[in-house]
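Chains as they are written, first to last, in this note's numbering: chain A, 1 to 267; chain B, 268 to 602.
Some clues are possibly wrong.
Calculated pairs, DSBU-like style, for lysine-lysine (alpha carbon to alpha carbon, straight line, at most 30 Å) [claimed, not checked]:
| no. | chain 1 | residue 1 | chain 2 | residue 2 |
| --- | --- | --- | --- | --- |
| 1 | A | Lys14 | B | Lys399 |
| 2 | A | Lys94 | B | Lys362 |
| 3 | A | Lys14 | B | Lys470 |
| 4 | A | Lys14 | B | Lys362 |
| 5 | B | Lys551 | B | Lys537 |
| 6 | A | Lys94 | B | Lys282 |
| 7 | A | Lys94 | B | Lys417 |
| 8 | B | Lys282 | B | Lys497 |
| 9 | B | Lys303 | B | Lys537 |
With the Cβ distance kept under 8 Å, some of the chain A side facing chain B (calculated, not the full set) [said to hold, decoys possible]:
| no. | residue |
| --- | --- |
| 10 | Arg4 |
| 11 | Arg7 |
| 12 | Leu8 |
| 13 | Leu18 |
| 14 | Phe46 |
| 15 | Gly50 |
| 16 | Thr96 |
| 17 | Asp98 |
| 18 | Ala105 |
| 19 | Gly260 |
Hints were generated in silico from the structure; no laboratory data involved. We treat Cβ as the ideally placed atom computed from N, Cα and C, and that holds for glycine.
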Amino acid sequence: MVRRYLRLLTVQLKASGLQALQYRADFFTDGFTSLCWVFTALAPLFVVYGSRPEVEGWSFGEALLVVGWFTLLQGILEGAINPSLTGVVEHIRKGTLDFVLLKPADAQFLVSTQRFLPWRAFNVLTGLGLFLYAFMLLGRGPSPLGLLTSVLLLGTSTLLLYSLWILTVSAAFFVVRVDNLTYLFTSIFDFARWPSSVFKGVAKGALTLVFTYVIPLALMTTFPAEAMLGRLPAQSLVGAVVGSAVFAWVARRVWIRSIGHYTSASS
Amino acid sequence: MISVHGLRKHYKVHKRPPGLKAALRSLFHRTYTSVKAVDGISFDIRPGERVGFLGPNGAGKTTTLKVLSGLLHPSEGEVRVDGHVPRLREEAFLKKIMLVMGQKQQLLWDLPPAETFELNRAIYDVPTLQYKQTLDELVGLLEIGDLIGKPTRQLSLGERMKCELAAALIHRPRVLFLDEPTIGLDVSMQATMRTFIKDYNEKYGATLILTSHYMDDVAALCPRVIVIDKGLLSYDGSLEALVQRVRPEKRVVLRLSEQVDASRLEPLGKLVTHEAGTAVLQVKQDAVNATISRALSGLPVTDLTVENAPLEEVMSELFAENKARRLQAAESVTA
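Pulled out of the complex, with its shape left as it was, chain A reads as follows (with noise of 0.2 Å):
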């Protein structure tokens, strides 16, 4: 079972990247326009920090990992997630994920990993170039575990963004359009590149708290870059464990009973 999914994870990985291949201008247009999306990443950053050392506890080498989980994460879900799940709303709405439900596989692990964009790539790299810059200004380096738990953060991260995406997508079987929807959650996800605590003035802690438990950015970029600092609470990292996991099997509920709401598209 788990060697038949990996073999055809092989497979979809394989025609996504000679699809990438066959179009050889996209390759330089993606890496440019990921540089221009990390200077971007950047300038609010350096905008705040000109006037400050500091801010809600965070120096500029220490949000500047969070910057570098944001940017990391961005490759992630435009590289893996987003191609994948937006190729779901287009075959809702044009009736082919008739072709998807045909398959005798998990039609949300063959749609999930139908499309991937390898030059969003760039972006991983620009992370992790990221926190080896952050770390020079804080001189010094994470701790063993400190590295090994933002490892394991990495994973929760990535199911999370994985998670509202299905949620998201999960839509289209009921208003077919979701174009919206997922302009706005990338627009929200946007607020994940600051270090939760600067929203703590925001409408009481309102926001912080939405942040934290109903779109929980702070999850996935905040919780990684403080383990790197080695200062992430024991209860967090439990939190960030089974708050991924349950986000996930909400998930996949709502991804099954929407599959029963498919309609398909007339001929």
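Using the hints provided, position chain B relative to the given structure of chain A.
Showing chain B alone in chain A's frame:
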């Protein structure tokens, strides 16, 4: 192989009158109507049978095929395909069937069809040897050897459809649902597809249900037809018997060496067409022999054939009959 009993599929559809006012009102108060796509049909199909699904647009043909392939859940009724309940979408079931849709495609647009074949091989878990054998056979029969390496987007519609069919058959399905597989294809490509489908059915004993607006497809492939109209089954039997029932008259086609006045033809039977040295007469079956001898003795006939009425005409007459019956029933209810 396939058994359908009392199948109903009803959809809830939001309906509103045109205009801005109605649109605004529908934001807060929606009215729904129930559309009866399939309204209680039953039939059984034996293994290896080739059955044509006929019916006008919106009759419920595609809906029935989608229920049979597990894509849509029936509102009522019992459906089984080779012992499986389709809506459960069990792996064993999905490995046995395939739905080919002429208007939708599964081939990866930017990549050559060979990549889709490879993907399907992995998904259907086809053993390497069997995959190679099947692929060689499909490539040979459909003559797509030089196509499967070209990006799909560069193929013509006919070429794409042949590759689409190959992609659908990589796992050698035992039940094949074909929904308008020849739509938009030219006459020779339609003929190639028909021959191929028939060969596949005969070689693997696959059960086949076909919907098509091209009556030639149905005539060439399906000894049995099921007619669905407005979600109801209006005929199930042999194509020959259907033609006999709806249009028992035969068509006598006369080719004439010189122009003949219509008044000389009309006494022989109902004149259907008369142009450019060809006359088509519609005559009762028991009068065919007499008509032929009268035509041969009294007219400059160079060639003569006896045919059934074209299937298109038979079908439109059947649908018109059904419509008239429905209207009559509705009137008797209101009266």
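Status of the hints after comparison with the structure:
no. : hint                : result
1   : A/Lys14 - B/Lys399  : holds (20 Å)
2   : A/Lys94 - B/Lys362  : holds (24 Å)
3   : A/Lys14 - B/Lys470  : violated (34 Å)
4   : A/Lys14 - B/Lys362  : holds (23 Å)
5   : B/Lys551 - B/Lys537 : holds (10 Å)
6   : A/Lys94 - B/Lys282  : holds (21 Å)
7   : A/Lys94 - B/Lys417  : holds (24 Å)
8   : B/Lys282 - B/Lys497 : holds (19 Å)
9   : B/Lys303 - B/Lys537 : violated (40 Å)
10  : Arg4                : holds (6 Å)
11  : Arg7                : holds (6 Å)
12  : Leu8                : holds (5 Å)
13  : Leu18               : holds (6 Å)
14  : Phe46               : violated (40 Å)
15  : Gly50               : violated (45 Å)
16  : Thr96               : holds (5 Å)
17  : Asp98               : holds (5 Å)
18  : Ala105              : holds (5 Å)
19  : Gly260              : holds (7 Å)
The structure does not agree with the numbered hints 3, 9, 14, 15 stated previously, though it agrees with the rest.
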